Structure formats: structure tokens, C-alpha cells
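Engineer: Guided by the hints, dock chains B and C onto chain A, whose structure is given.
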Amino acid sequence: MVEFRMPSLGADMEAGTLVEWLVKPGDQVKRGDVVAVVETQKGAIEIEVFETGRIEQILVDLNSKVPVGTPLARIRTGLERKAGVAVGPVPPPPRVAETPARALRAAPPPSQPATTTPAIVRVPGAGGRARASPAARRLAEMHSVDLATITGSGPSGAIIRADVEYRLVAAPASVETKRPTGLNLDAMRAAIAAAMARSKREIPHYYLEHQVDVTSCEQWLTRTNASRPPDERLLMAALAAKSVALAARRFTLFNGFYNDGKYQAASAVHLGIAIAIRGGGLAAPALHDVDQMPLDELMGRMRDLVQRTRAGRIRSSEMSDSTITVSSLGERGVEAVHGVIYPPQVALVGFGKVVARPWLVDGAIGPRSVVTMTLAADHRVSDGHAGALFLAEIGKLLQEPEKL
Amino acid sequence: MTAPAAMIELTYRDAMREAIRDALRRDKNAFLMGEDVGRYGGCYAVSKGLLAEFGPERIRDTPLSESGFTGAGIGAAMAGMRPIVELMTVNFSLLALDQILNTAATVRHMSGNQFGVPLVIRMATGAGRQLAAQHSHSLEGWYAHIPGIKVLAPATVEDARGMLWTALQDPDPVLIFENVMLYNMSANLAADAGAVDIDKAAVRRTGRDISLITYGGSLWKTLEAATALAAEGIDADVIDLRSLRPIDDATVMTSVRKTRRAVIVDEGWRSGSLSAEICTRIIEQAFWELDAPIGRVCSEEVPIPYPRHLEIAAIPQVPKIVAAAKTVLGRA
Amino acid sequence: MTIVTDKPRLSRRHALDLLKQMIRIRRFEDKCAELYTQEKIRGFLHLYDGEEAIAVGVIPVLEQRDRVVATYREHGHALVRGVPMTAALAEMYGKQEGCSRGRGGSMHLFDRATNFYGGNAIVGGGLPLAIGLALADHMRGDDIVTACFFGEGAVAEGEFHESLNLAALWTLPVLFVCENNLYAMGTALAISESETDIQRKAACYRIASEAVDGMDVVAIEAAARRAIHAVRESGKPYFLECRTYRLRAHSMFDAQLYRDKAEVEAWRHKEPIVRFKGWLEASHMIHPDDLARIEAEIDAEIAEAVTFAESGTWEPIEQLTRFTYADSPARDVS
Chain A
1107 MVEFRMPSLG
1117 ADMEAGTLVE
1127 WLVKPGDQVK
1137 RGDVVAVVET
1147 QKGAIEIEVF
1157 ETGRIEQILV
1167 DLNSKVPVGT
1177 PLARIRTGLE
1187 RKAGVAVGPV
1197 PPPPRVAETP
1207 ARALRAAPPP
1217 SQPATTTPAI
1227 VRVPGAGGRA
1237 RASPAARRLA
1247 EMHSVDLATI
1257 TGSGPSGAII
1267 RADVEYRLVA
1277 APASVETKRP
1287 TGLNLDAMRA
1297 AIAAAMARSK
1307 REIPHYYLEH
1317 QVDVTSCEQW
1327 LTRTNASRPP
1337 DERLLMAALA
1347 AKSVALAARR
1357 FTLFNGFYND
1367 GKYQAASAVH
1377 LGIAIAIRGG
1387 GLAAPALHDV
1397 DQMPLDELMG
1407 RMRDLVQRTR
1417 AGRIRSSEMS
1427 DSTITVSSLG
1437 ERGVEAVHGV
1447 IYPPQVALVG
1457 FGKVVARPWL
1467 VDGAIGPRSV
1477 VTMTLAADHR
1487 VSDGHAGALF
1497 LAEIGKLLQE
1507 PEKL
Chain B
24 MTAPAAMIEL
34 TYRDAMREAI
44 RDALRRDKNA
54 FLMGEDVGRY
64 GGCYAVSKGL
74 LAEFGPERIR
84 DTPLSESGFT
94 GAGIGAAMAG
104 MRPIVELMTV
114 NFSLLALDQI
124 LNTAATVRHM
134 SGNQFGVPLV
144 IRMATGAGRQ
154 LAAQHSHSLE
164 GWYAHIPGIK
174 VLAPATVEDA
184 RGMLWTALQD
194 PDPVLIFENV
204 MLYNMSANLA
214 ADAGAVDIDK
224 AAVRRTGRDI
234 SLITYGGSLW
244 KTLEAATALA
254 AEGIDADVID
264 LRSLRPIDDA
274 TVMTSVRKTR
284 RAVIVDEGWR
294 SGSLSAEICT
304 RIIEQAFWEL
314 DAPIGRVCSE
324 EVPIPYPRHL
334 EIAAIPQVPK
344 IVAAAKTVLG
354 RA
Chain C
3 MTIVTDKPRL
13 SRRHALDLLK
23 QMIRIRRFED
33 KCAELYTQEK
43 IRGFLHLYDG
53 EEAIAVGVIP
63 VLEQRDRVVA
73 TYREHGHALV
83 RGVPMTAALA
93 EMYGKQEGCS
103 RGRGGSMHLF
113 DRATNFYGGN
123 AIVGGGLPLA
133 IGLALADHMR
143 GDDIVTACFF
153 GEGAVAEGEF
163 HESLNLAALW
173 TLPVLFVCEN
183 NLYAMGTALA
193 ISESETDIQR
203 KAACYRIASE
213 AVDGMDVVAI
223 EAAARRAIHA
233 VRESGKPYFL
243 ECRTYRLRAH
253 SMFDAQLYRD
263 KAEVEAWRHK
273 EPIVRFKGWL
283 EASHMIHPDD
293 LARIEAEIDA
303 EIAEAVTFAE
313 SGTWEPIEQL
323 TRFTYADSPA
333 RDVS
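Protein chains in written order, with the numbering used here: chain A, 1107 to 1510; chain B, 24 to 355; chain C, 3 to 336.
Hints listed in this document are in silico derivations from the structure and should not be mistaken for laboratory results. Hints may be right or wrong, so weigh each one.
[Said to hold, decoys possible] Calculated Cβ distances over 10 Å to all of chain C for the following chain B residues:
#1 V130
#2 A156
#3 S209
#4 T229
#5 W243
#6 P342
[Stated by the list, open to error] Cross-link-like lysine-lysine pairs, in silico, DSS-like; alpha carbons within 30 Å at most:
#7 K263(C) <-> K1130(A)
#8 K1459(A) <-> K1306(A)
#9 K1136(A) <-> K238(C)
#10 K1148(A) <-> K1171(A)
#11 K1130(A) <-> K1148(A)
#12 K1136(A) <-> K263(C)
#13 K1459(A) <-> K1502(A)
#14 K1148(A) <-> K272(C)
#15 K51(B) <-> K238(C)
#16 K263(C) <-> K1171(A)
#17 K1148(A) <-> K238(C)
#18 K1136(A) <-> K272(C)
#19 K281(B) <-> K343(B)
#20 K263(C) <-> K279(C)
#21 K1148(A) <-> K279(C)
#22 K51(B) <-> K71(B)
Keep in mind that this is a model prediction, so the values were computed, not measured. No residue lacks a Cβ here, since even glycine has one placed at the ideal position from N, Cα and C.
For reference, chain A alone in the conformation it holds in the complex:
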């Protein structure tokens, strides 16, 4: 039994409508006989059968439009199906070993690079100039951002607009800017969103927590500040910053940049200070060489930084070169901060509020001032063991505030 199918009659024929049968079940047909008429976009075309036999059954009603290949009738041929003559829909390209072919079809040579050029050619920019899109450049220029400090996420590592937005996790206005001074919180929020999303997307964070007894810090601060006017008093934040910076100097896996699959430890410690801005903004400008900065100077600079940040007067260089960031949210009342790292940095140290806790000292339980310190770190660069040592070091440094 053989199926007679709707034939393909043309390159653009997809279906046909059977409008007339010229045979009925029981009729004998031979190869080449016209058995039906099909209406196509070009008109009515007679279709022929390629088998010899007897019409057994008509399968399709008149005036039905059917796709090419649909069985229209069954023909009883009484013959074995001829070997090798496939009937039916086109099989996918057969995976058969190549039959012996003519000499000119020798095994093709391995693919060679095209003589025409590929879409993107990776070439170092002449004179070491950053590869940045016009849109990125425009934004960077507007906000006095130094492109050389930005890591690009565009094709072949080029800097695209989103990369500049990310870097602008700060007030876009600055002394050099052409725009009117002031804060653009919308832009900042967008930049933060881009930055934080990227961080969580790309950096495998791990988190460690450590509770530090900072009673000696508090006592030292009280004593030191007693003889100082208010604007020269030291705060816990400065102690925290300094101890993190000193520890970061020793534990180089937490102070540097991860770019293009590689970690580069920074030669200096520029501490990013996370600063909240009224209205929902957030910035983390850097203080340079904090590990070498005397506490008084550090405090002064921190005050200045907070003030300027909140007023929207940050320099772009301050924005872009933190090697590690500290986020203190103690004033806000939270006990622990599980932060998000600012790429390309690889660590963020968080401090919660200082709380009075029952603590075991020399075998006896007594009240102590305790702060929960956290580390968010990039697991591509360091692991918990190193992180634990890092946090322990910070905790140790905080036990001797007079040495900071």
C-alpha cells in the first residue's frame, strides 16, 4: 500500500486545495495518469500519480486546503516498495559517510580566517587611550570622570555608558562640571542600582561576622576627647577606619582590584567611606593612604568628606580609587551590616552599632561595649580562612586604640 500525497509543484507552493477527483476507489491507475485537480495560487493544475495500482481509499475531502505532503489517497500497488526510493517528507541532511567523489572534492582545508574583516578587531588604542563609546565619553566629560580609572564592560572591554554611570555613585556635580551644582538623586539612584546589580551579578560574595569588644576604644575616646573642642573630637568611626586600613595593609587579598579575571593587590590603602545622603543617596568616596594617616587628620578628613559628599561637592578622583570600603551603619541603629562590594574592589567591612552586651572577661560576666563587624569578600580572591584572619586582625587592632 502506498500513499499518494499532495505534491509540491513549485518553489513557493505551501498548500493546495483539492477541487476535483478524476478517479474513485477501485479504479486502476498507472504511473503518469492524471488523478486529481488542485487549485493553487496560479490556477488549477492537474496532478499525476507516480505509482501503478488500484485506488484503495480517498483520504481527503474535496475543497479542503491541505499542506504539501498531506496524504490524499491510498493506492494498492501489489509490489514491494522499491528499495532506496524514499517517499514522504524530506529527511534532514543525511549523516552518511561521503561517497567517493570527484578529484576536485578533496577533503576541505581547515577553516581559515576570512580575508574580509571580522566585526570587531581588538587593537590596543593608540597612545594607551581608553576605549570608550561616545555616549560614555560624553557622560564622563560631563561629570569629570577619568576614563582611565574605569573598567569597561562593553565589547572587548570597552567602556560603555553604564560603566560610567556605575562609577558615578556619587553626586554628579563637581567643581569642574558644566552642570549646575547640586545633587541629582535620580541619577545617583540609577547609578547605584547599576552598580549594585553588577556587583551581585559578578562577585561571588561570602560573609563573615565577628563581634569585637570595643570597650577599650570607648574608654580611650572618652579620655582623649575630654580635653578637646567638639569639632576636634575623635569618633569610633575613625578608629574603625584606621584599624581596617592597617589590617588591609597586611592582608593584601582584601585591598585591591579584580579585573578581567585577575586580582591585582593595590600598593596603597585608599579607604572608601560609605556615606548616606539625605533623600536616599549613597556615596563611598575614598580617603587616600589611610593606613599612614594620623588619627586626627583622619578624623578631620572624614568630617570634611561627609560634609562635601552631602553637599554634592566630591571630586571624581575621590570617587574612583577606593581600594577597600568601610560601611558604618551604627548610627542608624542596626547591629550588623551585610554589605555589597563595590567592584572592582574585593572587600567591604561593615560596622553595626555599639551595644552593651554581657561578656565574659577573666572568667566573670560583665557588661562590655560590643560591635558586630562584618566582612563581605570576593570569593574569587579570598576564602573564609583568610577573611577570618583579616577580621581577627582588625579586632586585635581595636583593642589598642592608642596605637592606631
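Structural biologist: Frame of chain A, contents of chains B and C only:
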């Protein structure tokens, strides 16, 4: 060290004639075929005197049958001859477009590499002689669109002399476009100057501020513009493409990466022109190095008119090239 | 002036060979039609049913060194010329074992070994090509004839006139064979030519020309012998108009709205295979056994060709860019 070759002064026309003569002497299968190439001496006098030297079989006058004799050139090439078909101008080549595109360009690929077409077709091109709309086209860009053929635009006397032989040796069809305004141009050339390559662009002038990319008849206007720009402190690279298919991307991009700015000068009409192709290639390959949008100086989108002042206004000119360069540099 | 008599030597062997060649084409075309309805062959398919006498009458008279240019309705010409049926069918399947590497399909059969220059799909486009091939032979003084087949539709194209003029003007050894089947696709000759006596047009270019009954393979062979001999001897072109009829539609996808079924039927009774077979039977040159044997041999050859094509392979996509130019490399175009 050998003594420097003697220099001779000759015109672009003379150089092309010499190239044909040289080819016919060296290869007995080479012959020239086209309208008025024999007895008339060539519409642009390129083949003057060659009939007497080579005879009517090899300097073969044809009737006005562009399709017929271009197809004949294709068939003769397929059968082992090395014909040089001369289509009087690109304007008449349209009658042969079917043979060029549907036979010459397709045969090798379509026959599975059984037959190739080692044919050279030469044609005059360009505007500037007040020949009006039907005799002033620059369609090199159209032909450069077609895979299976090669397209050349010799702009110097040296290239007029040297490209033909290399083109004749090529196993595939090569079209050579000779801008009508260049035939009278004269230059000094080594007496023994010979074949040159047909796939590299040439840097005709070096500078750091902007890349001026062009071909054919527009080369000399572009060089003149570069001189004018230099007087204003703008130093230009001038790239002569020489080959329009394939385009020597490497030379173009090396220049653009250096200067970061480009203006393309193309006598075709702007829309869908060869200049559009080059712009796109620069964007694909040198985007990050660009400092400004790419400029173009092309023919105005009009049929080329007859009166001199309108014709001048219709095709690229030195002041337009200078202005375009300054615009790109932000110094308009 | 000697008159050359080129009477075909109509021995029984030769007669059976003529018949077999025509039936071979007919059955091959029939198989192509079937494969096309099954979408094994795609694109356009133009079949030669009814015109077999022309290819069979002319091409075997040519020598191996001669050249053949044909149109998109060229399966019959290719087969008679000696392009293997396997390679021809594989080509129509698009397999790389095809004679054009699968790249041309039905309309572009090329074969260097048999000097078969296509397979040209632009009506009239093959004529200038034939002129050029003949020009090369003329310039080298080689004794080679180029046979150029085309339909009467090409007569309207400028290239027809340019080519005939050049052939006569330059004394080129071209045999022009016009297969006048009365329809250029769907347009009847009577409504497209002011002068429908086509061989007269050739005569106007001072080319020796004649018309012959395209349904009579013996008459065509006789005319072809005269013509080819004349071309070889004189080096001048010759024009043979063969008056024939296309039994099938122009291509598969053609409702034939432009002609009467009755007309087709009438021609079916005088088509070349029916006629020749009838004549052979009447003159007792053929027995029923002969026919059965011929058909069995042909069917076996066709089955083998189908197997060959079915099991053929697709050219790898990286090879797409090869042979655009002589040196174009393979390339990943995915």
C-alpha cells in the same frame, strides 16, 4: 647599486596604451575587443596605433553590442583566451550588466569551480566634461557590490601602467575603471615600470589629524584639499583605495586609528554608495578610536547636468572636501 | 561545389540507440517530476518532454572536443552529451556530488569533462557565451564547433541579434539550434514576434539556416550532420530551427492557462517517441523484447541515480565562500 632607471614623462592615456601593448606582446592569447578600439583608435585614444601593430584579430572592433561582445569576452576567457573587453564607458556597461553579473561573476561558484573567467573589462567613468546625465555616471560602487569579480580604480600613471598585467593574470574577472578626467594627466614614470599589485590601498600623503579616503578621479582633488588644509594647520593622511573590491581594510584602519577622523570622497551618488560601505567598515573595525562622526563628500543626488557651473556643483570638489574635513575636526 | 550527403546510417543498432536515448530522457524527466513533487528537487524544474528528438538528433553528431551551451531546460542535453545521470540527479538534489558541486541545481548543470557549458537561466544569456567560446577557437584556428541551444523566446532578446550578427561578422563556428516549442513560458510565439518564421531572422544575418520537423529525430539528425559539417568546413555559423512542442508545462508550477488541453493532446499523438517507435514497429526494426529491455536498463540506471543522489552529502557550510574567486578560502559563516 644599479643606476636609477631612466624616467619618462607620459600621460595616463599613454600609460594605459603601453600596458595593453605590453600585455599583447607578452601573451599571445591576449587581445583587445570593444567599440572603436581599432580603426578609430579608441574613444579616448587609448588604443591609437595598436591596430597597425597587432592587426584586426587582436585589436578587434565590435559592433554596438555591449551584451554580445562582453559575453563573447566571457566565453573566450572560459575557453582559454585572455581578452581585454573595452566597454566605452560605464554608462554603456549597463547593457552588459546581465553578462557581467549573471555570467562572469557567477560561473566559477555556480559550476562548482569547473570553469573560471579570466577576463579583464576596462571602462571609462566619471563626470566633468559636460556630457550630461546619460554620459556622466560613476558606478564603480555598484560593481564593487558583486561577489565573484574584482574592481580596480587606477588613479595614477603608475597604476594605469601596472595594473592591467596583474589583472590579466588573475583567474577571475577584473573590472578596471579609468576616470575620464585622468587621461590627460601626465607624470614621470620609470621607463621600465611594470606590473603593480591590485589588492592594496596606497597612502599618498601622511598626516596625523584626519584620514581622507578616496579613489580614482577624486584622488587629485583630495590631495589638493590636503594641501589647502595643511596651510591651516590640518595635516591629512590621504588614502588611495586603488582596489574597490576587495577593499584594503587594513590600510584604511591603520590610518583611521592614527587620526581618529575620516572623510570619504566618492564620486558616486551618496545613498548606498561605496562611501557608505567604507563608513560602515570603519565603524565595525575602528569605532572605539573615532573622535568624530565620519564625513562624506559625494555627488549630489541629481542626474549630472550639462551646464558647467551645475556640473561642478554636482560632483565632489576641493572646497567641499576641505569643508568636510574641517567639519569633522569641529573647525567649520 | 560538392554536395555533402549526410544521411544518417539508420541501422537497427543506431535506430534502437536513438530510441533509447529519447526514452532515457523521457523517463529521467518523469522521475524528476516525481522527485520534485516530493520536494527532493527544489527551486525551478523545467522538463523536456516532447523535445527529446532535438538533443538526441544533434548532440551525438558532435565530437568530444566540441562545445555545448544550453538553457535551463537542459537535462536532456546533459544526459546525451555524457554527463553521468548520477551526477546530474545529485546536482538537482543539491548534493555536493552533483556535477556543479550541488551549487547550481536543475538550471545550472555544468560539466568540464564533456565541454558542457550550462545550464544558463537568463533567456538568451547563453548566446554571447557561445559566441565567445567559438571566438577563442576561431582565433586559435582550432577545429571545434560550438552548439548553442535556446528556445524561440530568446529570439526576442537583444542578445540574440547581437550574437547572430557577431557570429556572421566574425565567421564563428557556431551551430545555433533554436528549439521552437511555440511558447515562451506562457506567451505564444504568435503574440510576441512580428516574424514567426524564425529561421528567416537568421537568414537576415546572412547565416545559413533551415527549419526542420522537431518531432522527427531522423530528420533532425540528418539536418545536424549537414549543419555541423558545414560549420566545420566553412568555419561559418549555421542556424537550425527545430519545430517542436513542449508536452509538459513550462515548469512544474504552471497551470497552463495560456493553452488549450486539446492542443496539447493533439501534439501528444505526434510526439517524437511515439512517432519513432511507431515507425520502427511498422518497419519491423524493433521487437517488443527490445522495448522491454531498453526500459529495464533505463529504469535500473534511474534507480541507481536516485540511490546515488539520496545518499549524497551536503556541502559543508564552511565551504560556502570557496570558489567565489579561484583562491577564496573556506570560512565560518554561521
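Engineer: Work down the list of hints and note, for each, if the structure agrees.
Structural biologist: Against the structure, the hints come out as follows:
Against chain C, the non-interface label of V130(B) is violated: not every CB pair exceeds 10 Å, the least being about 8 Å. Non-interface status of A156(B) relative to chain C is upheld: no Cβ of that chain comes within 10 Å, the nearest being about 22 Å off. Chain C leaves S209(B) outside its interface by the beta-carbon criterion, the shortest separation being 35 Å against a cut-off of 10 Å. Its beta-carbon lying about 31 Å from the closest one in chain C, T229(B) satisfies the requirement of being farther than 10 Å from that chain.
The beta carbon of W243(B) sits about 31 Å from the closest Cβ of chain C, which is more than 10 Å, so the claim that it is off the interface holds. Consistency note on P342(B): stated as away from chain C, and its beta-carbon is indeed over 10 Å from all of that chain's, at 40 Å minimum. Pair hint K263(C) plus K1130(A) holds up; C-alpha atoms about 23 Å apart against a cutoff of 30 Å. Our distance criterion of 30 Å between C-alpha atoms is met by K1459(A) and K1306(A), whose separation comes to about 25 Å.
Taking the CA atoms of K1136(A) and K238(C), the gap is near 49 Å; set against the 30 Å cutoff, the hint is violated. Distance hint between K1148(A) and K1171(A) is fulfilled; the C-alpha atoms sit about 15 Å from each other, no more than 30 Å. Under the criterion of a C-alpha separation no larger than 30 Å, the hint pairing K1130(A) with K1148(A) is consistent with the structure, at around 26 Å. Distance restraint check for K1136(A) and K263(C): the Cα-Cα separation of roughly 20 Å lies within the 30 Å cut-off, and the hinted pair is therefore satisfied.
Our distance criterion of 30 Å between C-alpha atoms is met by K1459(A) and K1502(A), whose separation comes to about 18 Å. With a CA separation close to 29 Å, the supplied pair K1148(A) and K272(C) stays within the 30 Å bound. For the suggested pair K51(B) and K238(C), the alpha carbons sit about 24 Å apart, so the restraint of at most 30 Å is met. For the proposed pair K263(C) and K1171(A), the alpha carbon gap of about 25 Å is at most 30 Å, so the pair holds.
About 44 Å separates the Cα atoms of K1148(A) and K238(C), which puts this hinted pair outside 30 Å; it is violated. Restraint check: the Cα-Cα separation between K1136(A) and K272(C) comes to about 21 Å, which is no more than 30 Å; the hinted pair holds. A hinted pair counts as satisfied when its Cα atoms are at most 30 Å apart, and K281(B) with K343(B) qualifies at roughly 23 Å. Restraint check for K263(C) and K279(C): satisfied, since their Cα atoms lie roughly 24 Å apart, inside the 30 Å limit.
Under the criterion of a C-alpha separation no larger than 30 Å, the hint pairing K1148(A) with K279(C) is inconsistent with the structure, at around 36 Å. Taking the CA atoms of K51(B) and K71(B), the gap is near 20 Å; set against the 30 Å cutoff, the hint holds.
The earlier numbered hints that this structure contradicts are 1, 9, 17 and 21.
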